[in-house]
Every structure is written in structure tokens, then in C-alpha cells.
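S.K.: Listed below, chain by chain, are the residues.
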Amino acid sequence: MAKPSGPHASDGASIRLDAVGFDFGDMAMHFDLAIAPSSIAAIIGPSGSGKSTLLNLIAGFETAKSGRILIGGQDVTHAPPARRPVSMVFQDNNLFAHLDVAANVGLGRKPDLKLNNADRTAVSEAIRKVGLAGKEVRKPEALSGGERQRVAIARALVRNRPVLLLDEAFASLGPALRHEMLDLVGNLQEDTRMTIVMVTHHPEDALRLPSTLFYLEHGKIVASGPAKELLSDKRPSLLRKYLGVKDSDL
Amino acid sequence: MTADRSLKPLAGASALALLAILAGGALLSLAIEAMGGRTEGFATFDSYLWRIARFTLVQALLSMLLSVALAVPLARALHAHPAFPGRAMILRLFALPLALPALVAVLGITSIYGRNGLLAATFRALGLDAIPDIYGLTGILIAHVFFNLPLATRLILSGLDSIPEDYWKLASQLGMNGWARFRLIEWPVIGRNLSGIAGLIFMLCITSFTIVLTLGGGPRATTLEVAIYQALHFDFDIARAVSLTLLQLCLTIAVLAVLGLSGRPAEEGFSLHTATRRFDRPPLGAKLLDGGLILFGLVFVGLPIAGTVVSGLAADLLRLLSERPVWQAILTSLILGASAAALSLIISLALVMAREYLANERRDAPPTLFERALDLGASLIMVVPPIVIGAGWFILSRHFVDPFSLAPIMVVSVNAAMAIPFAFRILRPSWDTAASRHNRLCAQLGIAGWNRLRLIDWPALARPLGVAFAFAMALSLGDLGTIALFGNNSIQTLPFLLLQRMGSYRTEDAAGLALILGFLCLLLMIIADRGASRLARTESGNNG
Amino acid sequence: MRPFNTLVKSAILAGALALGLTAPAKAEGKLTVYTYESFTAEWGPGPKVKEAFEKQCGCTVEFVAVTDGVALLNRLKLEGPSTKADVVLGLDTNLTYEASETGLFAPHGIDTSAISIPGGYQDDTFVPFDYGYFAVIYDTEKLKNPPGSLKELVEGDPKQKIVIEDPRTSTPGLGLLLWVKSVYGDKAGEAWDKLKDRVLTVTPGWSEAYGLFTKGEAPLVLSYTTSPAYHIVAEKTDRYKAAPFEEGHYLQVEVAGQTANGAKNPLSAQFLTFMTSPAFQDAIPENNWMFPAAKTSTALNPAFETLVKPAKTLILSPEEVSKNRKAWIDEWLSAMSL
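Chains as they are written, first to last, in this note's numbering: chain A, 6 to 255; chain B, 911 to 1454; chain C, 397 to 734.
Note that these hints are calculated values from the structure, not bench results.
Just so you know, even glycine gets a beta-carbon here, dropped at the ideal spot from N, CA and C.
There's no promise every hint is true.
Sample of chain C residues at the chain B side, in silico, Cβ under 8 Å [as the list claims (entries may be wrong)]:
1. 437
2. 450
3. 452
4. 456
5. 472
6. 474
7. 578
8. 579
9. 600
10. 607
11. 611
For lysine-lysine, the following DSS-like pairs were computed, each having C-alpha atoms within a straight-line distance of at most 25 Å [stated by the list, open to error]:
12. A:70 x B:918
13. C:583 x C:611
14. C:473 x C:426
15. C:705 x C:691
16. A:115 x B:1197
17. C:540 x C:473
Negatives, chain A to chain B, calculated, CB over 12 Å [claimed, not checked]:
18. 79
19. 104
20. 238
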């Protein structure tokens, strides 16, 4: 991959899963997918279909049994998590409870927290970008659920990696807050051009951002395409059952 | 609902009162008895006494520091390698030392580090002209670390197991090295629990008797516990025994206060094996270091046990197992151990429930003295010597009943009391977690009383209760102190039989009985372990 | 709170029932004997003595056993005049003065002419039933030239270690203390100061000391002259031997006596008389591993003939021991602690 220049060194990277096999208990999973650089991919599917496993494979928390995983054209199938150009935000426990906001963000810059001036500037800039300026010295317990996820996103920003994975990151937030967070992510994406892969329970999340949708069932991708099409009236019958009564809402 | 909840403090108070009566009643009855006779013993704080008080403190503090200092890296290593070969078995092995009678452990330790032990034989084989000499503080520390390193390791490990898996994912994604992981993730959890663990070990070491005398090399190594025994047994100076016991209690409270135990008692308990998945791939150097640490722990704890097993196998086990008294002793030990464990669990659960209830009620206000007493008071029973409890209750009860008929009750209650600090630590974290998760939901759904216990609390507590039961029972199986006080031929426990054989030249029989005792404890741990993991499976099956 | 209490009670009750602890039946002609545990152990003299005496008297003997001789006296002091004991068996001569002082014992009033103890023994209250000598036992495989006297032990090679017992917690420990005292007198403190370097460790009781010795931790241990007899008879080995000491050996005499309460029970005196007969004495040598205090029906096992016969018997009077014990232990402590 050509080294991009400019303020956004981390312009999005492409993601490719090439016949990736993985055994999850009794279920044999098989993934083939390609995500374009600087695009937003939304992964939906019934629970237990392998959404989180897919993210864990990309992040390196699980290792593929067969096949190849390429990020930005580089084979990372066997690379440890820290060597992958990826940041991930979980639903809970994104923050270390005993560290304040600035330290939690700073970890993204230096995992031993030995920050220099440039690091500290980057950290406060990121905290400002996610709208938490002035809350640098708060501990996670003094933050709301939405604020905690903002801190996690700020950390992803200072890490400056070309791929951001969101594992149901906003699932525990109310609808308004969730939309707010999605808009924040959308704005940051426009700014940084990161590739975003998000797992969500809410198909409407995929519509809020211009995304490609991947629909999973039993450890396989059974449908994919632009979210606007897949979730429109012309949606494949496959998705109807999953979307259920929510059909009319969309 | 309210009626049910308001019973919890009462249950806690009753449990605490029971313990206070057990220890306080004995001390009071001895004090009253002493008033009638010689009373100068109340005031004999001579230079001898200060010297042994100092030694008692020094050896207990050193043992505590050493055990904890070694346990931290060992627990870290065990946690970092959930797939280390034989890890589950190592953890079970680590439950054994606590259940061994002191004399058995002492002989096991000398079979390795003694002048005629494995180490000495190795020196000889290497042509070295050195005889290991452990008699003195060295021997005491080796023995205490042998007893307490495994305990501390398991307690710290449980703390580490409580770290959310997401933290490890984050750590590996952020690329934290070993030191950063320790500083930023592991130490905050370990540090939070350390004062409680250190306090427990301190209490176990301050009351050391057989180990200190036998390995101490001479009367320089004398603990208060020895002086209490001497006063009560040899000199029959009740007043002195009472004042020495009070001194021991005060010293312990002072040390616990310094440790800040009362400040923030946020302790984890111990679980059998919940290996967290870690997502890091430690570099080779760290792997080797961790492997070396685990190996060191295994060898250090395993060798004296192996020594005991080797001596035990030399005994005529078949003959022993064909003897009626042996089977009777095994049965007696199992019955007494199970009763003590059951009683210990009931009292611990009452303490745990009451503490959580009070902590929940007060919200952000500082804990009351009562709440702290529920936490700490229960542990203090450990430093009241069983001989004092035994003698006190003997004096008190002889006016009402035949003291000998009290023997099984006393044995069960003293053993139960001694196991409470352990049972409490096992039950508390599970109860607190379950309570914080379920309290509101249950209140809202109106699930209370028996229904709540059956449907909500039992599934969450079954596993820790099983583990606590196994631990308490193993602890009681190895106890000798209490039974010997009341002396009654109809109650012969396994350790009692062991010491009796030992005391009449039958060393091989004693070694064989020690092996049987150790085997019983290991079996208990395995059963608790299996039961626990089966329960855990059904539980997750229900949820998933 | 009711369920809680009930649970506790039923747990205790279940434990008690399972152990078969029922109140002892009130029987006609019953004798209660307080003694120490190893006496009533299955291999101890207790079972044989009980059987023989019950046959003779047509009564029931109930043994109540406590840890050791000292615990026996303590138990009696705790129970006071209301004690259930008719006979107390297993005090040694170091305890008899204190025991008499309690006023709980009655004179035995029996004919003790059958008793034969080295140096003789006369007491109105207590009747001896066995005796033994303290001795230093050595391992012949480790030590070729054992000390021939207490002096040689004290002044010998400090590399040849000995395990001794603590006089604060054990009878043999007190025995050695008195042995050294009766040989060295006022110089006992200095003797201990020298012996200190040879002492590997001081154990709380005999079991720990002998256990360390047989494990090979030290070639010498303080025990009894009769110890080798056990190894010869039961283990068929003469590896462990007692070292004869020139100055003589300290004597331990074990006695029994009847309580003031027990004096009202005619079985008490009958038992004390029985104690001096071969029927009782036969059970002593190979069950208690001590010397019988009176004639046995057959000659002793030849192993006893091979044992060290002390050149001189050392013993201090019970009164002297009782009055000086504390001071002598303090002397021992300060010599050994420096």
C-alpha cells in the first residue's frame, strides 16, 4: 500500500477476508468479504450468527483456522492485535476504571503512558473533537454511558489507525444518544477517511451513515450491498424474517 | 419484602455474637476463674514476654511479606498462561498445604531442606561440603511460605480473574508490554486486595506453634502462642494465659489497622479455576520467566508434599486400610469436618449477607463500626488459641453438663470458626456481585424470601458455596488442636490417630495416615472443582 | 432466626449421634480412671488392663484419656472436688507434689510391698506402676563414638547435633532439665550454654524430636533407655541404641492414686492393688515401652535385657522439683536464648 501523505496519514485501508474459516463451538464459520478503503461497513444478523467473531478475526483476538485476512493489502492473518492497523471500541469496559479520561485516551498514543508534549497535544485535541473538553481529569465512574464511548473514540482517534471497528459500541445508549454518536463517527470519518466496520443490532444505524451492509446468518455472509438498497422495499426475502415487524418502520 | 430484608442485619449480628460468645465466653470464664486464684499473672509483662512478643511479630511480618512478595509474580504468571500444562492440577495442589497438620508439613519440609534431605543429598552428589541448616528463622520462613504462598497465590489469582476480558483485548490492541500491563491493569486489582490477603496470612502466622518451635532451633524462637500454651498447660497460670491472649489480640488488631484492612476491604475471594482468556502473545523472554516462576512455585510447594507422599508410600497402606480404627477415624474426621464446614458456611453467609445489606443501605456514608466488625471481627477468632477456647468452655460448662459430651460440639464450632475467614472470602465477592445485579430486579418483581433464595441466589451461590465447603472441610480435616483439649476416646480423628501413632514410635503408620489425609483433601478439592464447573456449565446453558 | 438455630442444633446433633456419643450408662460397680492417651491407645496397656480387671472385679472400667500427665493434673484441678475420677493414672514424680497439694487425693492404704523401683519409692498417696530412664539415643549408622557421659555430651563436637524437647511444653524436656540440674547443680546454666551449640532444635514434644531423629536430621535425640527395645521387638533392628552415661540416668516414675471421691468407691483400692500384680504389669513392657514396677508373670522380652542399665539412678524430690521448676526453666531459657 502506498504511504499516503498529508494530515491524515491513516487514510482508510481496504479489508479483505479470503475464504476465512473458523470453528466457533459446533458452528463452522466461513467468511468471504471485501470492504473498500474509507468506506463504512455495517454488519447485521441474528444473535449468534458470528458478527462479533468476524470483528475479532479482523482485530486479531481470534485466529483464522484457514484462509487469509488482508488489511490495506497486507496479510495480517497471523499478526498479533497490536500489529494490525486497527482500533476497536467495545460495548462496555472500554475504559480502565482507575485512570482518568486523559490517561485513557493517552494509552492510545503510548501504551506505557509516558507521554511527551506532542502526545499530550494530540490527546487534548482528540478529547476536544469528541466534545469532552474540560472533562480530562474525570474518572470513568463520573461519566455517562455516552461520554465513556466518546472517550473510547477519542482514543481511537489518537491511535490514528486506518481501520476502526465498532462492536455494538452504542448498543446500550438511548436512540437519541445513539444517533448523536453515529453522527459524531460519521463526521470524524469524513475528516480522517478511516475505514469503519460496525456491528449493530439496529439496521437503521446503517442508513444513518452511507454504508455497505453485510447480513450474516450461521457464520456466513448471506447478503451484502449498499444499505439503502438492502433495506429498501426491494430487500431480499432473506432479510425480511430478520427485520420482522420492523419492516414497516424502515 | 421489608420484613425479609430487615432480618439480614439480625442474622449478621447473631453470627457475630456467636463468634464473640465462643471466644469471649471462654476468655471471660477463664478470667473469672483466675480471679479466684493467683492473679499476679495478669501483670507479668516481663522482659521475656516482650522478647517473645517481638519475635512473634517479626516472624509473622516477615512470613507475610515473603509469601505475598512471591505470590504476586507467581499469580501473574499463572494468570498470563491459562493454558499452562497442568495448571488446574497445580491450583488444586495449592489447596493442600493448608489442610496438612503442622507436624506433617514440618517433616515434609525437612525431607527436602533438612540435614538429611533431598537438598543435602544433592550437595553430597555434587561433591559439595555443605550441609543445609534451616533451623532458625530460615526454617520458620520456609515453612510459613510453604503454607501461605499457595493461599496468597490463589487469592491474588482470583482477583486477576475478575478483570474484564475487554481489558485484555484493549491491552493487546494498544500493544502494552508486560510492565505496562502490570502497572496499568494488574496492579490496581492486586493492590486493592493485597492488604486483606496480607492480613489473613499475618493471622495464620502469628499463631504458629509447632513450626516455630520445631524449626526454630531453640527457645529464641518462641511465639506468644507457645507462651499461652505453657501458661495454661504446664504452669496452669490462667491469669497469664488470659493476658497473653489479649496481648496477641491487640497486636493483631494493631497490625491489621496498619495494613489498612479496615479502610477499604475490597477483597476478592478464591475460585477454583476460571481461567480468563488473554489476548496477548508474550515474548519468549517473558514466557520463559513466567514458566520458570510457575515451575518454582510448583517445585517449592510440591517437593515437601512429594516428600510426604514418598514417606507415606513406604508405610504398609494395605494393613492401615484394613484397620478398623483407621476407618473409624476417617469417618469421624469426615463427619466432624462436614459439620464444621456446614456451620462455617451458615455463619459466613449470615455475615456476608448482613455486610452487603448494610453497605447497600448506607450508600456513600462511611461504614459503621458494626459493618466493619462483620468484615474484620469474624477473622479475629483465628488468633484466639483453641486451647484457650477449650479450657474456657470446659470451666464454664462443667457446672451444667458433662464436659466430655461437649467435645464434639466444641470441635465442630471451633473448627467452623477457624474456617470462617476463608469461607467469608470465598462467598463475599459472589454474593456482592449477585446482589448488585439482582437487588433492584427482585424488588421490582417482588421476588423475596424463599423464592429469591431458590430462584435467584442459589444458582449464583452454588458454585462458591461448594468451593467454600470443600475448603472449610479440608481445613477441619487437618485440625488437631481442638480435639486434643477435650480428650475423649470416643472421638478419634485422623490427625489425632496420626499423632498418636507418631507418639508411640509408629512413624511409618503416621506417614501413611498423612498420605491418606492428604489424599482425602485432594479428593475434596477435585469434587468441589468438578461440581463447580458442572454447575457453571448448566448456569451458562440456562443463560445462553 | 429459627431456621438458623435449628440448623446449627441439628448439625451438632447429627455429629454427636453419628459418633455414638450417648450419655454413659449408670452401671453398678463402675470405676472411672483418668489417664493419658497413649495408655488407652489400641496398642497401649489400657485395653489389656481393662479386660483383666473387669474379669477380676465383675465391674466396668471407664477410661477417660487426656493428652498427657500434665493435662491430667490440669483436668483434675479444673474439675475440683466434684471430679468423676476414681483413680488417676499416669502422673509422674515431677507432678506428685503439686497433685498432693491440691488436696484432691486420698491415701491409697494398700500394701505396696510388691513394688520395686530403683532407689526405692515410698508414698502414702501414690502407687508407682512403671518407670523408665531418660537417655540419649544415637543412630549407630551415623555415630561411631557416642558420648559416654553427660559431660561428653555437653562438651563434645558441636557438629554432632542432638534434638531435645522443650521443658516448657513436654515431660522429656523437663526430664533433661532435671538431669542436667542433678549432675551440674549450680553450674547447670553454664552446661546449657555449652550444650546449646550442639542442639539442632528444641521441639514442643517427644513426637517431633523422635520424628526428626528417625528422619536422619540428627544422630542424637533425647528419649528413654527403653526406646531401642521397640526397634528390636517391632522392627527387628538394633540400629538405634541408648548411650550409657557415667553420671547415671534420670529416672521417671509413673504413678497412680485415688481421689478423695474415689476413696468412697471400694473398686479404687482394689484397682491400685491389681496394678501391683502381674496381670497389670504384664501389659506394661511391650505396650507402654517402660519397665514394670512389679513382677510380671513371665520374664521380659530378651530385648529388654540388652538395654542400658544405668550405673546410677538420679532423681530429685517431687517437692524440690515443684518449688524450683520455674526458676530452673528461666535459667534454661536465658542460657539457651543468648
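S.K.: Taking 12 Å as the cut and beta carbons as the points, is residue 79 (chain A) off the interface with chain B?
M.R.: Residue 79 (chain A) is indeed farther than 12 Å from all Cβ atoms of chain B, at 17 Å.
S.K.: Against the 25 Å threshold, does the CA-CA distance of residue 540 (chain C) and residue 473 (chain C) hold or violate the hint?
M.R.: violated, 47 Å
S.K.: Compare the distance between the alpha carbons of residue 115 (chain A) and residue 1197 (chain B) with 25 Å, and conclude whether the hinted pair is satisfied.
M.R.: Satisfied, since the Cα-Cα distance of roughly 23 Å is no more than 25 Å.
S.K.: Take the C-alpha atoms of residue 583 (chain C) and residue 611 (chain C), compute the straight-line distance between them, and say whether it is at most 25 Å.
M.R.: violated, 33 Å
S.K.: When the nearest CB of chain B is found for residue 472 (chain C), is that gap smaller than 8 Å?
M.R.: violated, 10 Å
S.K.: What's the verdict on residue 473 (chain C) and residue 426 (chain C), does the C-alpha distance respect the 25 Å limit or exceed it?
M.R.: holds, 22 Å
S.K.: Verify the interface restraint on residue 600 (chain C): the C-beta must sit less than 8 Å from at least one C-beta of chain B.
M.R.: Interface hint status for residue 600 (chain C): holds (4 Å vs cutoff 8 Å).
S.K.: Does the interface hint hold: is residue 579 (chain C) within less than 8 Å of chain B, judged Cβ to Cβ?
M.R.: This hint is violated: residue 579 (chain C) lies away from chain B, its Cβ roughly 21 Å from the closest one there, beyond 8 Å.
S.K.: Close enough to count: is the Cβ of residue 452 (chain C) nearer than 8 Å to one in chain B?
M.R.: This interface hint is violated because 22 Å lies over the 8 Å limit.
S.K.: Close enough to count: is the Cβ of residue 578 (chain C) nearer than 8 Å to one in chain B?
M.R.: Violated - the Cβ of residue 578 (chain C) stays beyond 8 Å from chain B, reaching only about 20 Å at its closest.
S.K.: Holds or violated: is there a CB of chain B closer than 8 Å to the CB of residue 450 (chain C)?
M.R.: Result: violated, 16 Å to nearest chain B Cβ.
S.K.: Can we confirm that no CB of chain B comes within 12 Å of the CB of residue 104 (chain A)?
M.R.: violated, 7 Å
In the structure shown, a violation is registered for the earlier hints numbered 2, 3, 4, 5, 7, 8, 12, 13, 17 and 19, in ascending order.
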